[in-house]
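Engineer: Sequence:
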Amino acid sequence: MKYFFKIFVVAFILFTFVIGIGAGVYYRTHSKMEKESTLSEEELNKIKDPLERAIKTKGNKVVNALLLGMDGSRTDTIMFGSFDTENKKLHIISIPRDTYYYRKGYGYADQRKINAVYGAEKIEGVKSAIKDILGTDISIDYYAMIDYKGVEKIVDSVGGVEVDVPFDMEYFDPTDKPPLRINIPKGRQTLNGKKAIEFLRFRHNNDYTVGYKEGDIGRIKAQQQFVSSFIKKSLSIKLPKVISTALDNVETDIKLKDALYYGPEAIGIGSESITMTTLPGASEDRRYGKSKLSYFIHNPKEVRRLMMEVYSVNE
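Here this note's numbering = 1-based position in the sequence shown + 7.
Everything labelled a hint here was simulated from the structure, so no lab data went into it. Be a bit skeptical, because a hint or two may be false.
Claimed, not checked - Using C-beta positions, here's what the derived DEER-type ranges look like:
(1) GLY142 x LYS228: 40 to 48 angstroms
(2) LYS65 x PRO186: 23 to 31 angstroms
(3) ARG294 x HIS211: 44 to 52 angstroms
(4) SER280 x LEU300: 31 to 39 angstroms
(5) ARG293 x GLN196: 20 to 28 angstroms
(6) ASP260 x GLU48: 26 to 34 angstroms
(7) GLN196 x GLU258: 26 to 34 angstroms
(8) PHE179 x ASP117: 38 to 46 angstroms
(9) PRO57 x LYS201: 43 to 51 angstroms
Unchecked claim - Okay, derived cross-link-like pairs now, EDC-like style, lysine to aspartate or glutamate, Cα gap no bigger than 16 angstroms in a straight line:
(10) LYS68 x ASP105
(11) LYS308 x GLU59
(12) LYS299 x ASP117
(13) LYS297 x GLU93
(14) LYS65 x GLU93
(15) LYS308 x ASP56
(16) LYS96 x GLU291
(17) LYS65 x ASP105
(18) LYS55 x ASP144
(19) LYS95 x ASP83
(20) LYS220 x GLU279
(21) LYS308 x ASP139
Quantities reported herein were computed from a predicted structural model and do not represent experimental measurements. Don't be surprised by glycine CBs; every beta carbon is placed ideally from N, CA and C.
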């Protein structure tokens, strides 16, 4: 069984994003660089689309970031984060790794997934793909990217993460290196780094009689629970040790790392100000050539509705 700690990756990237955006907002505010828009009122009035007009109007008042969890050359976890500095609201949109995304010249079945973009076009290609999927000409101010090293250390650096385990989790895979053994009883408990990894890797027991009944939806709910608990714990403790551990495991273009220590204070954000959602759409099997794969097909109308919510637009 080969699973790559997706839930932890989401939580860690989100934590990095919270403090990283804090750094960006802190320096914009204190260097007096923040401004609402680079367009004149006359130019803004010429924009007919209310969503695009809101994006241009808010300008630097909204800070966006792309958040990637890596599995080799592929993006195993993709999230788009948008922080409204005026309302102090953070929106996180999870982009399923199997989201269908066609690029000219990349016609094979496995190349038609958004997680294949980074290997060929690196971070700029992923930024372009996210803009296409979200259907807006937004700016992506920062990116943060991590792999799967240091998972136990990061969880342990916050003193463990409290979760409500929905059922007894038992699994054994002697072929894994080292052999994987999962044994977590049902109930609310604080998991240390080692047990957190077991929780994150579990999907079903060996005979498939115990597992998430809703499949991916069930795992998404577990992911959201873990993220919420991780953020709440992270924002309630002294951050320097956590941030130091985080910085050893993240690649980012966020500058002035010392500002990370001022992130939460700069933006005054709390876990109640964070909204997490998944890109609207549904799974669908498609065949290209000799290969038949499962894709996540996003719903453009619902995505637009979601982006209007992110930018507080009424249509």
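Engineer: Taking the hints in turn, state whether each one holds.
Structural biologist: Hint by hint, here is what the structure shows:
no. : hint                                : verdict
1   : GLY142 x LYS228: 40 to 48 angstroms : 27 angstroms, violated
2   : LYS65 x PRO186: 23 to 31 angstroms  : 52 angstroms, violated
3   : ARG294 x HIS211: 44 to 52 angstroms : 27 angstroms, violated
4   : SER280 x LEU300: 31 to 39 angstroms : 38 angstroms, holds
5   : ARG293 x GLN196: 20 to 28 angstroms : 41 angstroms, violated
6   : ASP260 x GLU48: 26 to 34 angstroms  : 32 angstroms, holds
7   : GLN196 x GLU258: 26 to 34 angstroms : 33 angstroms, holds
8   : PHE179 x ASP117: 38 to 46 angstroms : 30 angstroms, violated
9   : PRO57 x LYS201: 43 to 51 angstroms  : 50 angstroms, holds
10  : LYS68 x ASP105                      : 32 angstroms, violated
11  : LYS308 x GLU59                      : 15 angstroms, holds
12  : LYS299 x ASP117                     : 9 angstroms, holds
13  : LYS297 x GLU93                      : 51 angstroms, violated
14  : LYS65 x GLU93                       : 9 angstroms, holds
15  : LYS308 x ASP56                      : 14 angstroms, holds
16  : LYS96 x GLU291                      : 33 angstroms, violated
17  : LYS65 x ASP105                      : 32 angstroms, violated
18  : LYS55 x ASP144                      : 14 angstroms, holds
19  : LYS95 x ASP83                       : 29 angstroms, violated
20  : LYS220 x GLU279                     : 28 angstroms, violated
21  : LYS308 x ASP139                     : 13 angstroms, holds
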